[in-house]
Structure formats: C-alpha cells, structure tokens
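Undergrad: Each chain is listed here by its residues.
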Amino acid sequence: MIPALLFAALNGPLTPAEPPRRLTLSPLFVQNAVLFTSDRVTAGGAGGGVGLELELDRRFLAQADVEVLLTLGNTVMSRVALGAQRPGTWSPAAFGTFGALFGDRVEFLTGDGRRPPIPTWALGLRVAALRFRLREGTVSLVEAGAGTDFGGGLWLELTIIQAGVRF
Amino acid sequence: MKELALACTLLVGCAPAAPALPDLEAARMLGREVSPGASMVRVEALAADHAADPKLPCDGFPEEALYPSCELSHDSAIRTVRETLESLGYATRVEAQGEEPLVAYNVVGEHPGTDRASEVVLVAAHVDAFYSGADDNSSGVAVLLEVARVASAHRFHRTLRFVGFDLEERGARGSTRYVNAGFADDVVAALVLECVGYADHRQGTQDAPPGLRLGDVGDSLVIAANGDSVELAQQMLAIDDELDIVPLRVVVAGGSGAHFFTGPLLRSDNGPFWLRGRPALMLTDTANYRNPHYHAAGDLPETLDSDFLDAVATLVATTIGVLAEVTP
Chain F
1 MIPALLFAAL NGPLTPAEPP RRLTLSPLFV QNAVLFTSDR VTAGGAGGGV
51 GLELELDRRF LAQADVEVLL TLGNTVMSRV ALGAQRPGTW SPAAFGTFGA
101 LFGDRVEFLT GDGRRPPIPT WALGLRVAAL RFRLREGTVS LVEAGAGTDF
151 GGGLWLELTI IQAGVRF
Chain E
1 MKELALACTL LVGCAPAAPA LPDLEAARML GREVSPGASM VRVEALAADH
51 AADPKLPCDG FPEEALYPSC ELSHDSAIRT VRETLESLGY ATRVEAQGEE
101 PLVAYNVVGE HPGTDRASEV VLVAAHVDAF YSGADDNSSG VAVLLEVARV
151 ASAHRFHRTL RFVGFDLEER GARGSTRYVN AGFADDVVAA LVLECVGYAD
201 HRQGTQDAPP GLRLGDVGDS LVIAANGDSV ELAQQMLAID DELDIVPLRV
251 VVAGGSGAHF FTGPLLRSDN GPFWLRGRPA LMLTDTANYR NPHYHAAGDL
301 PETLDSDFLD AVATLVATTI GVLAEVTP
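Order-wise, the sequence lines are chains F and E. Residue numbering for the first sequence is 1 to 167, as defined by the numbering used here. Residue numbering for the second sequence is 1 to 328, as defined by the numbering used here.
It is possible that some hints are incorrect.
[Unchecked claim] Now the stretches of chain E that chain F is said to cover, found in silico as 3 or more residues with beta-carbon under 8 Å: (1) 206 to 214; (2) 244 to 252.
[Said to hold, decoys possible] Just a sample of chain E residues kept apart from chain F, beta carbon distances all over 10 Å, derived: (3) 33; (4) 53; (5) 62; (6) 63; (7) 78; (8) 154; (9) 170; (10) 200; (11) 255; (12) 262; (13) 276; (14) 298; (15) 306.
Bear in mind the hints are in silico, worked out from the structure with no lab data behind them. Just so you know, these numbers come straight off a predicted model, no measurement behind them. No residue lacks a Cβ here, since even glycine has one placed at the ideal position from N, Cα and C.
Pulled out of the complex, with its shape left as it was, chain F reads as follows:
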C-alpha cells in the first residue's frame, strides 16, 4: 500500500495546480519505531498503523494515528500531533506530539511492589524534514521525534515513512 501511495504521489502534478481548499481530511499510513525508556519502564517496538490527518489552509496540521508495535511484545501506540508545515511541494513540518503506549512492556517494580502507570506516555516534538505535499496526498520520510514523561523517561521515535491520501 505504502509503495503504491509513494509512486502515485511522486507522479502527481505539483501543488500549485491544486484548487485551494481550506480544510482537508486524509487517511494516513505509518511505519515507525518507538522506544520509551525510564527507571520504571522500557516500552515500544517497531511496526505500523493507520491514522487521520487534518490540514487547515495548507499550513496547519493535526494528526492522530494508532499503530501496532512488536519487538518488546504486543504493543499498541496511539499518537496525536499538532503542527505546521511550509506551504509548497517540499513541505517540512514540525509537530508537538502526545504518544501513549498500551500493552506489553518491560517493567521495573518499586521496592513496595508497585507497577508503573498504564499507559506509558510522553509529550514531545517531531520533525518531518523530508515531507512532500503533492496533489494526491503527502509523503514524509525519516521523521525524528523525542519526548519526555516529565519523570525522567525518554521517548524516541523514528518514522520511516508516513503517507497520506487526499480525496
């Protein structure tokens, strides 16, 4: 699916020919890897999922996605992101993100036996330098992000590819 979207997007007309639209909603397909590490938890993994992207005035973005990650067990990740992009075909973007991990993880219990809270979460930033906005959709490669749970935990994410289709 993602290679097909990539091919279609790269062969489509450039953005200037596109009629102006104030608000667009696009389904997203994502492949990425996430690692959260703290004194209490190691969680994350590699996998993929689906989501939605809302674009306002070709500049502002809101994304939400759900992904299934493997490697440390069966983990479900949910992310929301708010950001802005540069208008044009090459449209690098930056996002403020909230991510939450559910399911399997490695836990380190406290002395009195308490387990870490569920879900594992973090607030952070994500940068999409190789993001391209085309008539049929968007393609973004190698997005990098980092975040924290404000308790010493570090969230790292690397999005291999994110592709959206515009209707």
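Assemble chain E onto chain F, guided by the hints.
TA: Below, chain E alone, put in the same frame as chain F:
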C-alpha cells in the same frame, strides 16, 4: 481480574495495585530457621563434586566463549539432591526423560499439602554445571536444599515440590520435557534459582542486556517475572520490603516474556513455565551480567558471598511459607 485490568487500561490509565500481603508471622519463622553458612558448605561440596565428575558427551555442542560444552557434569549433583531430599523425608523420585545421549534426569522431592495438595508450589534449580559451577548453579542447588531442610519440619496447606532440573545448560531440556509432559500443570507458583551466590558491592559491577535496567552495583537479587507471574513477584517484593532481607530488583517482561528484547529473561528453567502459561519467577544474581567467572574454571566457591546466599535462602524460605501457606 484481567478483564478489570484491561478496562482500566483502555479507559483511564492507572497503576496496577500490588496484591495484599497476608500475615507474615508464620512464614517468617521459616526464614529464621535458615542456618547461616549452611548454603556455602553445600556449595563447596557440590562444586568439588562437579570438578571431579565425568563430563557429559558434547558431540553436537560446539565450544564457544561462554559455552564450554565439553566441561558439563551432573552425576554427583543429581545424587546429592536425591539423597538429601530423601534424608529429609521427602517422597523422592528421579524422572528420566528423553533419549541418550541427552537423557534428562530430573530429581523431584515432594511434601504433600494438608488440604490443598493439588496446588503445588515448586522450587527448582538446575543440577548440571560447567567446571566446578559454584555460582552456576551449585548456589541454586544449595539454597534449594537448605530451604527444603527448613520446610521439612513444617506442614503446608499446599504441596511443596523441589526439583533439580537436569540439562539446563543443554537448552533447558530437563525443564522443557518436564513442563511439556504436563507435570507442571498443577503448579500455582514456581521459584527458579539460577545463579544466586555472587554479589559485588562496588560501583560498576552490574551490567545488563539492552533495555533492562539493573543498576550499577551488583549487590541485588534480581527477580524476573512475566505477565503471568507479576503478582508473585509483587508478593516477594512486599515480603522483602517488610522484612528487609536482601536488595531486590524486579524485572517484568510483558505477556509471555517471549519477545526479542526480553529473550535473556528466558534463558533458564523459568522459560518453559512461561511458555506454558504457568506462573514462574527466576531468581538470579544475573550470571554473566555480574559474575566474571560465568561458565569458566574460575567459578569457584571462594568467589561467592555466603551472606548473600543466606539472604536468598531466607527470602525463599519465607516466600514458600506464604505461597504454600505454612500451618502455624
């Protein structure tokens, strides 16, 4: 309970609570009866026997840096476990499983429960060892025997079963066959003792596999749990927190624990229990992540910490008092 945890997870996000701890007074008595220094005496005898024992055939097991496959022995340890458990009054048997040259001789001693005999609390340690195998795993066997000695003088509501698993160093064959034969289906809690005698109180003496945080000082007993045994681990932590027996670190691998990054936690006889869905904990000093003599000729009794061994025996004895419900 699992449904509740799932609902909790999906709806609000929360920290799962630790189970309530029962009255420890009766169980504490078992811990107090551990004889200081007795485990080290046993380690010395077991290690001397391993050094003198004939070695197992090693065809098909190439020697590697951490795997001196042609230095493995088990004869004397099997005999020692069987004779000791018999002398303590346990109903003892040796279960031979598999085919030559990889027959596993698991030694089993049982102490039937008074009214819930079908619920088994199992304590295990592997009896095969490379070279002298003081830490790996004469230490585990010695603690098992000391706890068995203490428990032999008491009665429990649940059945206590002590098992010396064979051929752990050949891919956990003894425990795998035992579990796959259904012999562990009555086990409600298993404590697997895997290298429990090496401690180092200096900074920089504790290493860890990627993703597992075990601190920097090698002075703690590490308990490895999975999703099926996390409540057991919480109970042990609560007991230790109450009685302050030994520094503990508990690592819980999610789900079955059989995942890429948590593979090191499946290296011992707890692995087959986890894969079978039976609640099991591995108690360990973390072996090669702490002990520089791991699988080497230098794994000798004089490198071990007798106080640490006694503390582990005290914790295990107290814990089985709780889990098997010792009668006052």
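Undergrad: Of the hints given before, which are not true for this structure?
TA: 11, 12
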